[in-house]
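> One line per chain: the protein sequences are A and B, in this order. Start counting the first sequence at 1; every next residue gets the next number (the working numbering). Start counting the second sequence at 1; every next residue gets the next number (the working numbering).
Hints in this document: simulated from the structure, not taken from any laboratory. Mixed in with the good hints there might be a few duds.
[What the hints assert, rightly or not] Pairwise CB distance ranges, derived in the manner of DEER restraints:
{"no.": "1", "chain 1": "A", "residue 1": "S106", "chain 2": "B", "residue 2": "D56", "range": "30 to 36 Å"}
{"no.": "2", "chain 1": "B", "residue 1": "H10", "chain 2": "A", "residue 2": "N53", "range": "41 to 47 Å"}
{"no.": "3", "chain 1": "A", "residue 1": "E14", "chain 2": "B", "residue 2": "E44", "range": "21 to 27 Å"}
{"no.": "4", "chain 1": "B", "residue 1": "I55", "chain 2": "A", "residue 2": "E104", "range": "27 to 33 Å"}
{"no.": "5", "chain 1": "B", "residue 1": "A2", "chain 2": "A", "residue 2": "L80", "range": "24 to 30 Å"}
Where is the CB? At the ideal position from N, CA and C, for every residue including glycine.
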Amino acid sequence: DAKTTQPPSMDCAEGRAANLPCNHSTISGNEYVYWYRQIHSQGPQYIIHGLKNNETNEMASLIITEDRKSSTLILPHATLRDTAVYYCIVRVRGGKLIFGQGTELSVKP
Amino acid sequence: DAGVIQSPRHEVTEMGQEVTLRCKPISGHDYLFWYRQTMMRGLELLIYFNNNVPIDDSGMPEDRFSAKMPNASFSTLKIQPSEPRDSAVYFCASSSHGGANTEAFFGQGTRLTVV
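If we strip away everything but chain A, and leave its shape as in the complex, we get (with noise of 0.2 Å):
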């Protein structure tokens, strides 16, 4: 399996944007960048995934370098609500979604 590799912490001020990296350098052809983040102690909640293009939709932004080995997650105007953990990982044939320690993002007013 790819592993994933993230800040452990990062800071955003309210109503910039947020930028979260992620590098995945043994990422294989077939293999999907997916975002997810986990606000508290809820669920972990689906935001974006790619495998070449960068993709956008309601909530983000999704950046992946033309050699797929690394990924940013932008999020255009971030809100307080917005404060999470962040995860990047990489889906695997099978289905399995492994996470990794993410980043956790604080978006101060």
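Guided by the hints, dock chain B onto chain A, whose structure is given.
Same frame as chain A, but now just chain B:
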């Protein structure tokens, strides 16, 4: 759909007792996952099913843990006998097809405390 439903939300039990956690996946989803979360170890995948059949149980910590999926709409995770170190939040998740291009949806979890 109401999403993935787990019960109970909270469970407090004495060491040595049997504990059963329940999960109802989203209708139509054919993959079901059980996770455990603790401060020390984070989110760990315990076991997952495809079409009610266990595919990978390598994350199940000990023989005290067992999981079943008797039908497509119900799964249980049982701990017998329970120990204080089993205290954690247990999450169930489901997804469709299981290929890489699908997302998993999580329940709200069961917070288990073994005293």
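> Find the hints from earlier in the document that the structure breaks and name them by number, from lowest to highest.
3
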